Structure formats: structure tokens, C-alpha cells
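**Student:** Working from the sequences, and respecting the hints, build out all of it.
Top to bottom, those sequences are chains A and B. Under the numbering used here, think of the first position of the first sequence as 147, with each following residue one higher. Under the numbering used here, think of the first position of the second sequence as 147, with each following residue one higher.
Everything labelled a hint here was simulated from the structure, so no lab data went into it. Mixed in with the good hints, there may be bad ones.
Since the list gives no way to pick one copy over another, a pair counts as held whenever it fits inside one copy or between any two copies.
[Claimed, not checked] Below, computed lysine-lysine pairings styled on DSSO-like, alpha-carbon distance capped at 30 Å:
no., residue 1, residue 2
1, 562, 552
2, 382, 443
3, 505, 516
Bear in mind that the values here come from a model prediction, so they are computed numbers and not experimental data.
Here's the letter readout for the chains.
There are 2 protein chains.
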Amino acid sequence: MTDATQLTSAIDDVKHMKWWGWGVDGVGFHHHDKPGFAPFVQMAVGLDVNEPAPDPMSFDDVEVPASTASGEFVQQLERIVGEGRVSTARLDRVVHTFGKSLRDLVRVRSGRLERTPDVVVYPADEAEVQGIVDAAADADAVIIPFGGGSNIVGSLEPHAQESRTVISLDLGRLNRVIDIDEESGLARIQAGALGPDLEAQLVARGWTLGHFPDSFTHSTLGGWVATRSSGMQSDKYGDIADIARGLRVVRPGAVLVIRAIPSASTGPNVREMIVGSEGRLGVITEVTVQVHRTPQKRVVLAYLFPNWEAGLAAMHAISESDAAPSITRVSDARETGFSFATGKESKGISGLVTKGLGKYLTARGWDTDKMCLSFIGYEGSDSHVARQQKLVGRIVKKHGGIGVGKGPGVLYDQKKFDTPYLRDFLLDRGAAADVSETAAPWSRLLPLYNEVVASANRAFDEIGIKGWIMAHLSHSYHSGACLYFTFAFVHGENALAQYDVVKGAIQQAFIDAGGTISHHHGVGLEHAPWLAQDISVEGATVMQSLFDAADPNRTFNPGKITAR
Amino acid sequence: MTDATQLTSAIDDVKHMKWWGWGVDGVGFHHHDKPGFAPFVQMAVGLDVNEPAPDPMSFDDVEVPASTASGEFVQQLERIVGEGRVSTARLDRVVHTFGKSLRDLVRVRSGRLERTPDVVVYPADEAEVQGIVDAAADADAVIIPFGGGSNIVGSLEPHAQESRTVISLDLGRLNRVIDIDEESGLARIQAGALGPDLEAQLVARGWTLGHFPDSFTHSTLGGWVATRSSGMQSDKYGDIADIARGLRVVRPGAVLVIRAIPSASTGPNVREMIVGSEGRLGVITEVTVQVHRTPQKRVVLAYLFPNWEAGLAAMHAISESDAAPSITRVSDARETGFSFATGKESKGISGLVTKGLGKYLTARGWDTDKMCLSFIGYEGSDSHVARQQKLVGRIVKKHGGIGVGKGPGVLYDQKKFDTPYLRDFLLDRGAAADVSETAAPWSRLLPLYNEVVASANRAFDEIGIKGWIMAHLSHSYHSGACLYFTFAFVHGENALAQYDVVKGAIQQAFIDAGGTISHHHGVGLEHAPWLAQDISVEGATVMQSLFDAADPNRTFNPGKITAR
Numbered sequence: 147m148t149d150a151t152q153l154t155s156a157i158d159d160v161k162h163m164k165w166w167g168w169g170v171d172g173v174g175f176h177h178h179d180k181p182g183f184a185p186f187v188q189m190a191v192g193l194d195v196n197e198p199a200p201d202p203m204s205f206d207d208v209e210v211p212a213s214t215a216s217g218e219f220v221q222q223l224e225r226i227v228g229e230g231r232v233s234t235a236r237l238d239r240v241v242h243t244f245g246k247s248l249r250d251l252v253r254v255r256s257g258r259l260e261r262t263p264d265v266v267v268y269p270a271d272e273a274e275v276q277g278i279v280d281a282a283a284d285a286d287a288v289i290i291p292f293g294g295g296s297n298i299v300g301s302l303e304p305h306a307q308e309s310r311t312v313i314s315l316d317l318g319r320l321n322r323v324i325d326i327d328e329e330s331g332l333a334r335i336q337a338g339a340l341g342p343d344l345e346a347q348l349v350a351r352g353w354t355l356g357h358f359p360d361s362f363t364h365s366t367l368g369g370w371v372a373t374r375s376s377g378m379q380s381d382k383y384g385d386i387a388d389i390a391r392g393l394r395v396v397r398p399g400a401v402l403v404i405r406a407i408p409s410a411s412t413g414p415n416v417r418e419m420i421v422g423s424e425g426r427l428g429v430i431t432e433v434t435v436q437v438h439r440t441p442q443k444r445v446v447l448a449y450l451f452p453n454w455e456a457g458l459a460a461m462h463a464i465s466e467s468d469a470a471p472s473i474t475r476v477s478d479a480r481e482t483g484f485s486f487a488t489g490k491e492s493k494g495i496s497g498l499v500t501k502g503l504g505k506y507l508t509a510r511g512w513d514t515d516k517m518c519l520s521f522i523g524y525e526g527s528d529s530h531v532a533r534q535q536k537l538v539g540r541i542v543k544k545h546g547g548i549g550v551g552k553g554p555g556v557l558y559d560q561k562k563f564d565t566p567y568l569r570d571f572l573l574d575r576g577a578a579a580d581v582s583e584t585a586a587p588w589s590r591l592l593p594l595y596n597e598v599v600a601s602a603n604r605a606f607d608e609i610g611i612k613g614w615i616m617a618h619l620s621h622s623y624h625s626g627a628c629l630y631f632t633f634a635f636v637h638g639e640n641a642l643a644q645y646d647v648v649k650g651a652i653q654q655a656f657i658d659a660g661g662t663i664s665h666h667h668g669v670g671l672e673h674a675p676w677l678a679q680d681i682s683v684e685g686a687t688v689m690q691s692l693f694d695a696a697d698p699n700r701t702f703n704p705g706k707i708t709a710r
Numbered sequence: 147m148t149d150a151t152q153l154t155s156a157i158d159d160v161k162h163m164k165w166w167g168w169g170v171d172g173v174g175f176h177h178h179d180k181p182g183f184a185p186f187v188q189m190a191v192g193l194d195v196n197e198p199a200p201d202p203m204s205f206d207d208v209e210v211p212a213s214t215a216s217g218e219f220v221q222q223l224e225r226i227v228g229e230g231r232v233s234t235a236r237l238d239r240v241v242h243t244f245g246k247s248l249r250d251l252v253r254v255r256s257g258r259l260e261r262t263p264d265v266v267v268y269p270a271d272e273a274e275v276q277g278i279v280d281a282a283a284d285a286d287a288v289i290i291p292f293g294g295g296s297n298i299v300g301s302l303e304p305h306a307q308e309s310r311t312v313i314s315l316d317l318g319r320l321n322r323v324i325d326i327d328e329e330s331g332l333a334r335i336q337a338g339a340l341g342p343d344l345e346a347q348l349v350a351r352g353w354t355l356g357h358f359p360d361s362f363t364h365s366t367l368g369g370w371v372a373t374r375s376s377g378m379q380s381d382k383y384g385d386i387a388d389i390a391r392g393l394r395v396v397r398p399g400a401v402l403v404i405r406a407i408p409s410a411s412t413g414p415n416v417r418e419m420i421v422g423s424e425g426r427l428g429v430i431t432e433v434t435v436q437v438h439r440t441p442q443k444r445v446v447l448a449y450l451f452p453n454w455e456a457g458l459a460a461m462h463a464i465s466e467s468d469a470a471p472s473i474t475r476v477s478d479a480r481e482t483g484f485s486f487a488t489g490k491e492s493k494g495i496s497g498l499v500t501k502g503l504g505k506y507l508t509a510r511g512w513d514t515d516k517m518c519l520s521f522i523g524y525e526g527s528d529s530h531v532a533r534q535q536k537l538v539g540r541i542v543k544k545h546g547g548i549g550v551g552k553g554p555g556v557l558y559d560q561k562k563f564d565t566p567y568l569r570d571f572l573l574d575r576g577a578a579a580d581v582s583e584t585a586a587p588w589s590r591l592l593p594l595y596n597e598v599v600a601s602a603n604r605a606f607d608e609i610g611i612k613g614w615i616m617a618h619l620s621h622s623y624h625s626g627a628c629l630y631f632t633f634a635f636v637h638g639e640n641a642l643a644q645y646d647v648v649k650g651a652i653q654q655a656f657i658d659a660g661g662t663i664s665h666h667h668g669v670g671l672e673h674a675p676w677l678a679q680d681i682s683v684e685g686a687t688v689m690q691s692l693f694d695a696a697d698p699n700r701t702f703n704p705g706k707i708t709a710r
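**Tutor:** So this is what it looks like as C-alpha cells:
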């Protein structure tokens with residue numbers, strides 16, 4: 147693929163990902179130092195990754211429909227945000243058309259875009275956002291808020307048939323930690339701040355947000371709130387819905403302000419209406435979040451369980467115990483195999499296995515093809531961490547698991563944000579991969595897992611391909627947990643139709659087995675077909691009522707979450 | 147007051163409180179064994195409680211407007227729920243007109259009721275609720291759901307000018323724990339179950355809900371959800387918004403169903419719209435709640451702090467620490483004095499002080515008029531409780547506090563649900579008392595407390611009476627806490643106008659000092675005038691939009707929370 151950041155963009159102080167894929171230019175997945183990778187992919191989906199990838203498309207060959215924004219309207223926007231802060235340039239519009247779902251990547255790489263935003267604006271502050279919103283409302287234009295662009299459920303694209311002017315409102319310049327109330331552990335942060343930028347500003351003052359989703363490096367606080375994000379340490383810090391206490395949301399003529407109150411009994415929770423609203427109720431400009439003192443100690447330990455059932459049962463037992471770890475994660479046997487295959491030869495878990503652990507486990511009676519890798523995180527004072535480790539260690543042992551030390555955990559910590567790059571590597575070579583996650587009560591997790599794997603395999607059979615699906619438990623709660631699935635297959639001519647069969651089978655299995663259609667990625671367009679099955683027809687009707695009444699002119703990202 | 151349960155009621159298998167006050171007939175506050183009480187009340191509000199109370203009003207003298215329900219409509223309701231399950235009797239209608247706020251009690255005791263429900267129905271199950279809702283929607287009638295009747299914000303009364311037929315839908319017969327998913331810690335419970343009834347059904351199987359609001363004995367699960375209740379052990383178990391995972395809500399033609407999912411990313415949170423909706427979005431018939439194994443150990447310990455500032459600082463430090471108690475509570479010096487005065491001579495904290503603790507503390511340099519009583523609760527395994535006690539003990543010591551053992555905690559546990567009876571005792575003798583609570587960030591708590599006390603005292607001055615206000619911190623969160631105020635004064639002719647001055651001053655002080663207008667009692671009519679100041683005009687507009695669109699015919703408890 148071409149090096150897109152070299153191409154002309156209207157502004158140079160807002161970072162964007164590659165127009166055709168994840169992350170920054172010049173960074174990508176490679177497997178030179180991972181000897182297990184090529185055989186693994188060959189085994190899993192029948193792809194030879196040592197074959198050279200075909201030549202990428204040049205950005206010059208991408209067909210971008212012309213902007214329909216009138217010169218007058220563009221000038222009006224320029225009067226609000228200043229010249230150079232409004233762009234109708236092809237690259238800006240392409241970058242702002244999609245997020246990074248498999249569907250998005252396949253379409254943008256096809257070089258034919260049906261509909262892009264007509265204009266991209268980069269306001270500097272809330273007052274400028276108010277100006278844009280009011281101008282859009284007056285002109286009957288559409289506003290789609292844009293954070294880091296990492297969305298994977300189709301929340302960012304204009305409706306193909308939208309005849310009105312579509313504005314992509316990029317919040318990238320609203321990236322400051324405004325204030326920290328150190329007594330309360332509350333920080334006011336602008337919505338456009340990317341994970342690393344806001345965390346750096348917090349850490350410099352001794353604080354952490356504790357919110358680390360897989361997309362962390364390329365997603366924003368406002369985006370997390372708009373999609374109900376959840377981070378890897380949610381067991382300790384909570385989901386973003388718990389973390390985000392105060393909100394400022396620009397709506398036509400006024401700002402909706404939810405003050406940072408620890409808990410309130412003030413009717414239906416408006417804060418919880420904004421969280422997850424994906425731009426449909428206004429533009430989130432500022433979030434007051436709970437922050438925590440950076441912990442005295444932080445450690446992620448690796449464990450192995452003889453099989454998936456034992457791993458799940460151990461996570462469940464931990465959630466029922468007095469122990470309070472920050473991360474509870476266990477991979478199924480297939481994902482465990484994947485982790486081994488993507489490890490460097492001499493490091494981490496692969497190294498451990500090479501170094502004779504495999505023999506030890508076999509001697510112990512394990513079938514190493516069935517074993518499951520787990521990471522448990524601990525944070526707090528030295529004595530707190532020591533006690534949690536002890537409590538967890540007992541539970542692991544009771545479930546037949548063993549501790550394998552800090553090494554793999556350190557590696558997990560270092561590499562945890564790199565996985566999305568792998569998808570582009572595979573897609574370059576004709577293999578489609580994406581994720582789907584759910585949450586369900588503990589009693590339903592194992593049947594749900596089995597049902598999802600069976601459904602995906604039936605879907606692979608239906609389209610006549612060799613597919614792969616693997617999963618891990620990623621977040622634990624009192625009454626259940628999140629299961630996070632990754633699936634891949636070598637696609638044919640019509641990659642999206644094949645993807646729809648597989649993705650659809652997985653989502654329907656979530657519903658049928660008692661899970662939700664989305665634990666932390668939102669609804670957008672991708673999950674909307676299953677919404678009424680998840681929250682009931684009446685639930686979806688109430689939600690639609692809210693959108694209809696709160697945004698009667700359909701100014702704000704219409705058609706996302708619910709069809710109308 | 148007359149013994150109302152002796153009066154004719156349509157049904158005998160649903161418990162109701164006294165028509166004129168709190169709790170069950172034959173139970174009331176008395177001070178025969180509390181020598182400190184009379185002098186305390188004399189000091190606080192200038193009332194001599196040894197004077198005999200005036201004769202109560204007979205129920206026969208209460209003026210109840212006639213029911214406007216047509217005979218045909220009553221018969222239609224009887225066809226749905228069965229004969230004997232529909233009542234237009236005076237007592238049923240009076241009992242269902244109000245909750246138990248000071249405003250409610252003063253009005254019902256005045257014997258002149260402006261508007262009562264026209265008919266009270268007692269459905270047996272969700273199908274019957276659906277029948278009633280559909281019949282009401284067809285007939286353009288109004289439905290007000292009724293649980294235990296303990297509401298104190300005016301959520302239960304019909305609008306005085308309502309010209310349509312008003313149905314009070316009493317959920318008292320939906321009182322069963324339907325099912326416990328023991329693997330997930332989730333219980334399906336009918337919405338009309340009273341606290342003691344549902345807890346008994348859970349405890350019999352080894353589980354607890356862990357939700358113990360002051361109103362516990364006379365409030366229902368559905369009512370807790372409808373008003374965003376919070377219990378005394380919320381530090382461990384969460385507020386009802388956290389506890390209630392699944393919901394069934396009857397709306398015209400269909401049931402809105404939110405399945406019990408531990409966490410989901412499915413757009414604006416419809417569950418969080420139903421929680422706190424006070425009947426405005428439909429009738430809650432069933433709630434799936436998180437339940438916990440009854441703990442191995444449960445203990446409430448009492449502590450004393452030299453002053454309020456130290457007590458607050460200690461609670462704050464506990465919330466920042468690795469300790470995880472189930473209750474964190476500290477009273478200001480005035481409420482501490484009240485606790486001493488209402489204790490029996492030989493028991494609890496009063497006994498301790500009598501037994502020389504006062505001398506010890508004075509010798510230690512304390513001004514015992516300023517000291518503050520605190521209760522901290524611990525639950526879990528023996529070792530967990532021991533560790534939490536140790537961690538908390540260190541923090542208490544660091545803030546100059548001392549532990550005073552289990553005795554007062556046991557007494558607190560036994561007497562915690564009795565306080566509401568005191569209000570009737572005072573009202574019988576011409577003194578008005580009620581409560582107002584808020585939540586705010588830790589940094590604002592002390593200034594807020596000072597501002598509220600000053601505002602209340604200015605209000606007392608304004609109406610020219612000797613008033614009393616006291617408070618305790620009742621629930622702690624990461625970023626703040628709930629302050630729970632109780633106020634009292636000997637009222638004049640126009641008790642409600644005087645009450646409005648005091649209550650209004652307190653509510654406005656909450657807003658001005660950065661707190662919310664309600665932490666766990668809801669909005670109803672009582673707090674509605676401050677809603678837009680709390681969640682902003684735009685926030686209130688969005689909420690109103692939701693009500694307008696989701697209930698366009700204003701079937702469900704119209705005019706509560708928001709004015710329209």
C-alpha cells in the first residue's frame with residue numbers, strides 16, 4: 147500500500163491512521179523472527195504467508211466521489227474554525243469515510259467509494275464545535291463525529307443515499323487534559339485526546355485512567371464513550387460507562403452538561419444515554435473521568451490450564467472469590483496455539499514451551515494441544531498485590547492450572563496493541579480476519595462458546611472454505627464475562643458476502659445462546675440487524691423514540707445503531 | 147391515629163402501611179427507655195415530647211373525592227384480574243394516593259384529599275398487568291405503578307388536575323423469587339416483592355441481594371429500580387442500578403425485555419432508562435438481580451472521630467485504599483448527639499459513653515460535643531474480614547479516630563429500619579421532619595456540607611423557627627460520596643409552606659455547591675424544580691424527549707420527574 151501520510155492532507159497536527167489499514171505508516175506485522183507463524187497460518191486457513199503479497203493499490207487510483215458541499219457552506223465553516231481547518235481534499239475525505247472493520251478495509255482497498263463525507267472540519271475547541279453544529283442544523287447538513295477512526299462497526303460512514311451535505315467533525319485538536327481534581331480522582335479531558343496522549347498527560351502528574359482497549363493507541367476518549375468501550379483492566383477500573391462521570395455534549399443551540407457526580411437518582415440516566423450513542427445525540431466534547439494514582443506495583447502473570455473448561459471455571463471462581471485482580475484473561479486452546487505461533491522463538495511463552503515445559507506438562511498428563519494460556523493482572527500496594535496473587539494462585543491450582551511466571555506477561559503487556567496490524571498483513575495476502583465479542587452470564591458461557599464455534603464452522607462449510615475461529619475470556623463481572631472471538635479465512639472474489647455469512651452466524655449464535663451482540667465495540671451498522679433481538683423490539687422502539695425526539699431533523703449520524 | 151388495617155380493604159393478601167404514616171399499625175417510636183431523648187428534642191427544636199399528643203383524626207373524617215372510574219371500566223378491569231382484585235374503596239384509594247414524604251403525611255393527616263386514584267387494581271402476574279396496561283391505553287386512562295408506597299418524592303400521586311381515570315396498579319401480588327441461576331449469581335424476582343419477603347426467599351437458598359435501603363421493610367424491588375435506590379451496603383453490592391441486570395417492563399401491546407447481561411455495548415443504555423423512570427416508561431414486572439452467597443462473616447464496627455472533618459477524611463482515605471468494606475458511614479456531631487440521645491441507657495454507644503468513655507476521650511483532649519460516630523461494615527471470608535478491619539483500623543488511627551467495638555454496630559444493625567417511625571411520633575406532636583440527600587465529588591463534600599447547613603439555618607431564620615439539621619456520609623464511591631441530611635422543626639399553621647422554604651434552601655445548596663439533587667430517592671414532584679439545574683436544560687430536554695416519544699399518550703405516570 148502507498149504511504150498515505152506523505153499525501154496531501156489539510157492539516158498536519160492531527161494524527162490519522164493509514165487510509166488503507168491499521169496504525170501508522172511504516173509499522174506493520176512481520177514474521178521473520180516467528181518461526182511458528184507460517185506453519186500455523188498454513189494449518190489454520192491454508193494460506194502460505196511466504197508467498198509474496200500482490201502489489202498494493204495506489205491512492206491515485208482510488209475513485210472518490212466529488213464533494214457536494216457548496217463553496218458558500220465551506221466558507222461558512224472556515225469562518226468558524228479558520229482557514230486550513232476545513233478540508234474537501236480526497237485524502238481527508240477517504241480517511242474519514244470508514245473505521246477499520248474488515249468491511250471497511252475491503253471496501254477502501256477496492257478503490258471504489260460510494261459516498262464519503264463532503265467536508266472534514268477540525269475545530270479547536272467546544273465553541274467552534276458549537277458553531278459547526280449550529281451551522282449544520284441551519285443548513286440541514288449531517289454531522290458525523292470522528293475520533294481516532296478505529297471504529298469497527300460502521301459508525302463513521304455516511305449513508306450511501308444521503309443527499310444532504312455530510313460533515314465529518316474531527317475532534318483531533320481537542321486533545322488536552324484540562325484539569326485534575328486530585329482530591330476526588332477526577333480529570334476533565336477533551337474528547338479528541340488519543341489514548342497515549344491523555345495517558346501521558348495523566349502519568350506526568352502521577353495518575354492513570356486505567357482504560358486500555360486493544361485500540362488504545364489509535365482511539366480517543368470521546369470515541370470510547372460514544373461506543374461504550376471496555377479496556378483490558380476493566381476488572382479493576384470498570385468499563386468506560388463506569389469511568390466517564392461527567393460529559394459535555396454539543397447540541398443545536400446549547401451544550402448538554404452532565405456534572406461529575408459519583409451516583410445520582412435523577413430519573414432515567416441521561417449520562418447512560420450519551421454513553422454508547424455513537425454521535426446520534428450530539429457531539430461529545432469533554433469527559434470528566436475517574437482517574438487513579440499510578441499503582442505502587444503492577445504485574446501481569448501467566449498461567450496455563452489443562453483445558454478451556456478448567457480455564458473458564460478458574461476465572462469464574464476468581465470472580466466469586468475475595469480476590470480482586472485487574473485483568474482476568476484466558477484463551478481457548480486454538481488461541482493459545484496462536485499465541486505460541488506468534489511468539490519469538492526465544493521469548494515469552496513459546497520460549498518456555500521450547501525450554502521443556504511441554505515435556506513437563508505431557509509427563510503431568512496434559513494434552514498440550516488442549517492447554518489454555520491465561521493472564522492475570524494485579525495492581526496496588528505491594529502487600530495487596532502479594533495477597534491477590536496468593537488468593538488467585540490457590541484457585542488456579544484447584545483448577546489444575548500452573549503459574550508460568552512474569553515473562554509472558556511482560557511480553558503480553560508490550561505487544562498487546564499490535565494485533566490489529568496482523569489483519570492488514572493477512573488481508574494483503576487474501577485472508578479476511580475480524581473479531582466479534584459478546585458477554586453472557588457465567589452459566590451460559592461454555593454452551594455459548596460451543597454454539598458460536600459450531601455456527602462459525604457451519605458457516606465456513608457453507609461457503610466452502612477452510613476457516614479459523616478462536617476466543618478468549620477478556621473481562622469478568624460478578625454475574626458473567628466477555629468472550630472475545632477472532633475469526634479468519636482465505637476469501638474469494640466476494641469477500642464481503644462471505645464475511646457476512648460468517649459474521650452473521652456468529653452474531654446470531656450470540657443471541658441464541660443468551661449473549662449480547664456487542665460487549666464493547668458498539669452497534670453502528672454492523673450489529674444493528676440483531677439489536678431488536680438483543681434488547682427486544684420494545685427496547686429498540688424506546689431507543690428509536692429517543693433518537694427521533696432528541697434529534698428530529700436527523701442532524702446527528704442518522705441511521706446508526708437503529709435503522710432510522 | 148386510627149388503626150387503618152382494621153378498616154375495610156378490597157384484598158387481604160397485600161400488606162400496606164398505615165394510611166396516615168410509616169410502617170405497620172401497632173408499631174411506633176416511643177422514648178420510655180431513652181432518657182436522653184426528651185432533653186435532646188427540647189434542645190434541638192424546642193419541643194416537649196412529654197406533653198401528650200393531640201387526638202388523631204379518624205379515617206371516617208377524611209374527605210375522599212368520589213372515584214370517577216366508570217362501572218363499565220371497573221368491570222373490564224375485573225374481567226382481567228378477577229373480582230375482589232379491583233377496588234374503588236376509600237381506604238384503598240387513600241393508601242394509594244401518596245407515599246410517605248413529609249408533604250404526603252401532612253396532607254393525608256389534614257383529612258382533605260384533592261385527587262386520589264379512581265381505582266386500585268391488584269394483578270396476579272405479568273399477563274394481567276399487560277391486560278390492565280392495554281385496557282388503560284385503549285380507554286385513555288392513566289397508570290401509576292405502586293410498590294410498597296414508601297416513596298418520599300411525590301411519585302405516586304395523581305396530578306390534581308388529571309381529568310382522565312387514574313389507575314393505581316399495585317404490584318403487591320407479584321412477590322416471588324422465580325428462579326436463581328446459582329452458577330451466575332442471578333435471581334429473577336417479581337417486581338412487587340417487599341424487601342424482607344424477597345430476602346427471606348433468597349436466604350433460604352443461601353443467597354442475599356445485599357440491598358438494604360432504610361425503607362427496606364416497606365419497599366419493593368420494582369420501587370427500588372423505579373427510583374434508583376441505594377442500600378446501606380452499596381459500597382460492596384452496588385446501587386440498584388448496578389444490581390438490576392435484567393428487566394421486564396409492560397408497555398402497551400408488548401413487554402420490553404432487557405436480558406441479564408453483565409455488560410453490553412448496545413447503544414444508549416435502555417436498562418439505565420428504565421432504572422429511575424418512576425413509572426413513566428411502563429410497568430416493571432420482573433427484575434433479574436445480582437445475588438451473592440451469604441457471607442461467611444458479617445460485622446459492623448463502630449468508631450469515633452474527634453470531629454467531622456477527620457471522619458470525612460477517613461472515609462475518603464478508605465475509598466482510596468486497597469480496603470473494601472461493605473459500609474462506610476460517619477455522622478456529623480449533631481447526628482452523633484442524636485444517636486446518643488435515642489440509645490437505651492444501658493446499651494450501645496450511649497452506654498459506652500456513660501461507662502466512662504466520655505472521660506477517657508476528654509482526657510485525650512477531645513471536645514466530645516464535636517465527636518463523630520462512624521460505622522464500618524465488613525463481609526466475606528474470615529481472613530478477608532480480618533484483613534479489611536486491619537487496613538481500615540490503620541486509616542482510622544491515622545485520622546485520630548478510635549474503635550469502640552461491635553456493640554454499637556449490632557445495635558445499629560437491629561435498629562436501622564426504625565428511624566422512619568420517629569417522624570410520625572414528631573408529627574403527632576407538631577414537629578415536621580424529613581430527609582434530603584445528595585452526592586458530590588470528595589473535593590466538594592465539606593464545602594457542600596457547610597453550605598447546606600448554613601442555608602438550612604438561614605431558612606429556619608427566615609420562617610422564624612428553631613430548626614435542626616444533621617447529616618451522615620452514607621455511601622462511598624471512588625470519586626465522591628453521598629451526604630444524607632435530616633432536618634426538623636416545630637411547624638406552624640402552614641407546615642408545607644414552611645417545609646418548602648427549608649427543603650428548597652437545602653436542594654438549592656446541593657446544586658450551588660456541586661452536588662446532585664437526589665442520590666437515591668428519585669425526582670418525582672419534590673425534586674423536579676431543580677432537575678434542569680442538575681443535569682442541564684439540554685439534559686432535561688433530552689429526558690423529556692424520551693418521555694414524549696416513548697409514551698405519546700401520557701399513559702404512564704405523566705408529569706413526574708419532568709413537568710410535562
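**Student:** Look at each hint and say if it fits the structure.
**Tutor:** Tested hints:
1. 562 / 552: For residue 562 and residue 552, the Cα distance is within 30 Å only inside one copy (15 Å; across copies 48 Å).
2. 382 / 443: both (14 Å within a copy, 24 Å between copies)
3. 505 / 516: This pair counts as within: shortest intra-copy Cα distance 14 Å, inter-copy 69 Å.
Violated hints: none; the structure is consistent with every hint.
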